[in-house]
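Chains as they are written, first to last, in our numbering: chain A, 7 to 513; chain B, 33 to 297; chain C, 972 to 1253.
Hints are computed from structural coordinates only; laboratory data are not their basis. These numbers were taken from a predicted model, which means no experiment stands behind them. Be a bit skeptical, because a hint or two may be false.
[Unchecked claim] Computed Cβ-Cβ distance ranges for the label pairs, DEER-style:
1) C:1083 to A:192: 40 to 46 angstroms
2) B:282 to C:1054: 35 to 41 angstroms
3) B:117 to A:250: 39 to 45 angstroms
4) C:1193 to B:40: 32 to 38 angstroms
5) C:1021 to B:37: 56 to 62 angstroms
6) C:1080 to B:117: 37 to 43 angstroms
7) C:1154 to B:82: 56 to 62 angstroms
8) A:32 to B:117: 19 to 25 angstroms
9) B:117 to C:1140: 53 to 59 angstroms
10) A:443 to B:117: 32 to 38 angstroms
11) A:197 to B:280: 54 to 60 angstroms
12) C:1154 to B:72: 52 to 58 angstroms
Quick reminder that beta carbons are idealized off the backbone N, C-alpha and C, glycines included.
Residues per chain, in single letters:
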Amino acid sequence: MENKKDKIIELIDLTREFEDGLVAVDGINLYVRKGEFVTFLGPSGCGKTTTLRMIAGFDKPTSGKILLNGKDISDLPPNKRPINTVFQRYALFPHLNVYDNIAFGLKLKKVNTPCQDKNGNGFEKKVKLSKSEIAAKVDKALKMVDLEGFEKRSVSTLSGGQQQRVAIARALVNEPEILLLDEPLGALDLKMRKDMQLELKEMHKKLGITFIYVTHDQEEALTMSDTIVVMKDGVIQQIGTPTDIYNEPKNSFVADFIGESNIFSGTYLGNKKVKFIDKTFDCVDDFEPNEKVDVVVRPEDVEIVDADNGTAKGKIINSIFKGIHYEMTMKVGKTEVVIQDTVEKKVGETVGIVVKPDNIHIMKKEFSSNIYDGYITKKNTVCFGDGEFECDITQLYPGSSVDEEGYLITADGEKIDLTDTDVKVEVGLKDIEISDDQDKGGAVGNIVSILYKGDHYQLIVRTDENEEDFVFDTEDTWNVNDRVGVIIPKDKIKLTLAVENEKDERR
Amino acid sequence: MKKFLSFLYIALILAFIYIPIIILVVYSFNKGKTIGIWEGFSLKWYEKLTDIKNVLFNTITLAVVSSLIATVLGTLGAIGIFYNKKKTGKFIKGLSQIPIVNSEVVTACALVLLFIIFRLPHRHIVWLYIGHIILTTPFVVLSVMPKLKQMDGSLYEAALDLGATPTQALFKVVLPEIMPGVFSGFMLAITLSLDDYIVTATLSPLDFDTVSTAVYKAIALTTETASQRVPTYRALTTIIFLLTVAIVVIINVKPNKRRKANENR
Amino acid sequence: MKDVNAVEKKNAASRRRFGFSRQSLCIPYGVFLLFFVLFPLLLVAYYAFTSADGTFTFANFADFFADKTKVSTLLISIIVCILVTALCLVIAYPVAYILAKMKKSVAFIFLMLFITPMWINFVLRAMAMKELLSLIGIPLGNFANIIGLVYDFLPFMVLPLYSTLIKMDKSLAEAAADLGAGKVKVFTSITLPLSMPGVISGAMMVFLPVMSCYVITDTFSGATGFSVVGKLISWCFLGENGTLSNINGGATIALVLLVIMFLTMWLTGGFKDEDGARGTNL
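So here's chain A without its partners, still in its complex pose (with noise of 0.2 angstroms):
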């Protein structure tokens, strides 16, 4: 599989930084096949797009680089590519006709011919495509798009679907070796985007050339791909095939991401059972003996049995018909479980539920609890996460107190001034709380991430400054994007000495 010669385009520590200071794409690292359907999924924002136009040479990467073909092209200009895109709102080109706009290419592009000179001796020269060559190659991408008699007519005439076919066709005509499509199936309605799903399906197989394919619909990324590449914040999340992707998520961003998921906070017993929603579980991972994990049950996976004989029992409270199958969300103690069944079961009935073993997917805990860097303050107090926060600072030492003018009195009686004092701060992650008073707390964020989980949300608010990061649980309902002010009682904060040379880790 790790063939040099497959690989038609690698990038290598990629990254993309914006003048505003935004890292769009993060050193990440990829290769693509020759002749592969690989898919970049991710909400919007995630660097998806930032990649595609590195790609394309709209974008210039601010490290790394882009092989094609084994050949560094960073540098390239988009117009000496053999990449050609297809755009999110098609751009096609309003003062040309469609004949035009798929001719645009042709009629640049040069090439070497055999040619001889008076002597008879042979040379290449680059020359233009003749008209008729133009001609019959429109025709012929005209047809793989089922648009023929169109040449004549005006873009603007066209309806949604037709113009994403000539920018289709604008594209493939050019014969590229890879073909860019920026979510080019965003501005459709659905029936006709499942219907261009296929038939895009359809011209990948048939031209076999390479597809990158870039959209924030999960469902259209599982149906087209080979290779589906899950990004988030710049940042790889998981590279695998559809259904690896799907049953296999490598974390809760993931789960949450592809597909609808439970997702709930749980303790790995050992010996492949697993403990949540306050029940043991058969499963198939295996992990530390009492280490905290994350676990992903997909609703239809839950299986609803007789009240008494099920691993776990609990109410429907909620039941949606949702087409082929019913939503239900049951509670099973504080915890609310989502099941998809084609059976409903009526609302207030209680039942038992089970799960097969290879369908608990267990994974590392991202988060348990919060780490920084911080120092003391001349007030005692301790900054750190771009914040001021009142602290214990007796805890550093054993036994010390504080004497009227703020010094440190160790159980010795040594007098210590702690001022600028380094340390490492640890707060858990049931221990923060966050107000719409932004005055309200040492440090002032937005909330950037809300994860369900069960009867929880994980929440992650992020400072403006430095992009210090709070993770924390809550039961109460918040917006991504509200600004809150971040609040951490003075007895949760728990401060050690910092030893020196030890790296950052907030994980």
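Based on the hints, put chains B and C in the right spot on chain A.
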């Protein structure tokens, strides 16, 4: 009733605007010189237009040449400003507003100071052209800018993607896209240049007259020789008026037809 | 060492562009503006604060404000500007409002009727009005002056007003009516406030040029009528027969006018011609 009042009001204002012009048009065919005394039909004032052919030639050359330069300068400027997201773009855009906001007197006199400080003769045909370009280019920028904003930003990239060099992309895609704006900018520049009096009066050589300055001499200074020409200017007004009406009709009938054709499809 | 490399790479990345850049297209225009617009304006300030032999002085200003005729011309100019702008607004607003309520195709014809005279040279238009006034026996003077100014500037007011009114979301007025507002209330609380951008840009189209438009006042004032500031400046620069007379004095008045212009601009929140004032969008 309300509708009637509305129409009456519009008709009144239109009368206020058109009656002076129509009187001028009518009396341009009068044998005599004075308005109000009809002495019989004649085309003699139209024949006398040949007396001011110099003035007409000056006016039209000045307008066309300065507008052409302004259009090139302004179109390039607008493209540059639009793609220059940084401070330079904003700065040039701001500078470009000055001649629009500033009164023409100040613009013209400031230019005179420029020539004084470099010890150049302050009345010269070149300065006149520069003055008109200063006056009209900002309006070209203003009419090209919206077209650039409306243009799909990925068109330029699409052209590059299909193998065009940046220069080819500019000429084959960007320019055709903004052409309506460029054209209306050019037309606007021409009308502004034709209409200008102050800059011309301040910067032109003393023996150089455009329609504006010549008519000004006739009606404001009312010198003997200049006043003689007033009936000829009536004939000129008539021709300009009829020409304008014709152009307005032609320009507006065509797109109407096309619009209708679109609706019928 | 590693860091230095990274920084260098970053700089190189931002430097390496594809040869020709679109941004550089604004250089000729930028240089042109710097040399022929900005620099001359700085010269105006320089001359305003220096005497004929080049020494720094406030005397020019003292002279200006001590001269009764000059100061009164300035004040009269401002009053006339306000009056003419108000008259144009009062006449043009109903026109624009009625046109905006019409069927679009009909409104377009009327709009064209209002705009067409704008393409006739404004001195010729002034001549037409002057001849009409003499025909119906209105003497030259202040009254004729005002009529002449309104006549020449009225079309400039109609267009920006119409384009803001037509762009206005009709459902806003309907919503207000739905919520119980009467016709007058709808106009005063919805239509008028929302059309303010058009009012401002129309007012700017009239107010600013009138200050300097001495051609009209020269034509209509006769022996008794008022003149405008523009005349004073032009007088200093052109004198009787087109020769320079008092450039320092002229620069001073120009600077005063410039300050008034920018104050107006600042008070009205800037100038935008994107509403198609002056026929940009036709």
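Status of each hint after checking the structure:
no.	hint	in the structure
1	C:1083 to A:192: 40 to 46 angstroms	holds, 41 angstroms
2	B:282 to C:1054: 35 to 41 angstroms	holds, 39 angstroms
3	B:117 to A:250: 39 to 45 angstroms	holds, 42 angstroms
4	C:1193 to B:40: 32 to 38 angstroms	holds, 33 angstroms
5	C:1021 to B:37: 56 to 62 angstroms	holds, 60 angstroms
6	C:1080 to B:117: 37 to 43 angstroms	holds, 42 angstroms
7	C:1154 to B:82: 56 to 62 angstroms	holds, 58 angstroms
8	A:32 to B:117: 19 to 25 angstroms	holds, 23 angstroms
9	B:117 to C:1140: 53 to 59 angstroms	violated, 31 angstroms
10	A:443 to B:117: 32 to 38 angstroms	holds, 37 angstroms
11	A:197 to B:280: 54 to 60 angstroms	violated, 47 angstroms
12	C:1154 to B:72: 52 to 58 angstroms	holds, 55 angstroms
Consistency note: the structure conflicts with the earlier hints numbered 9, 11.
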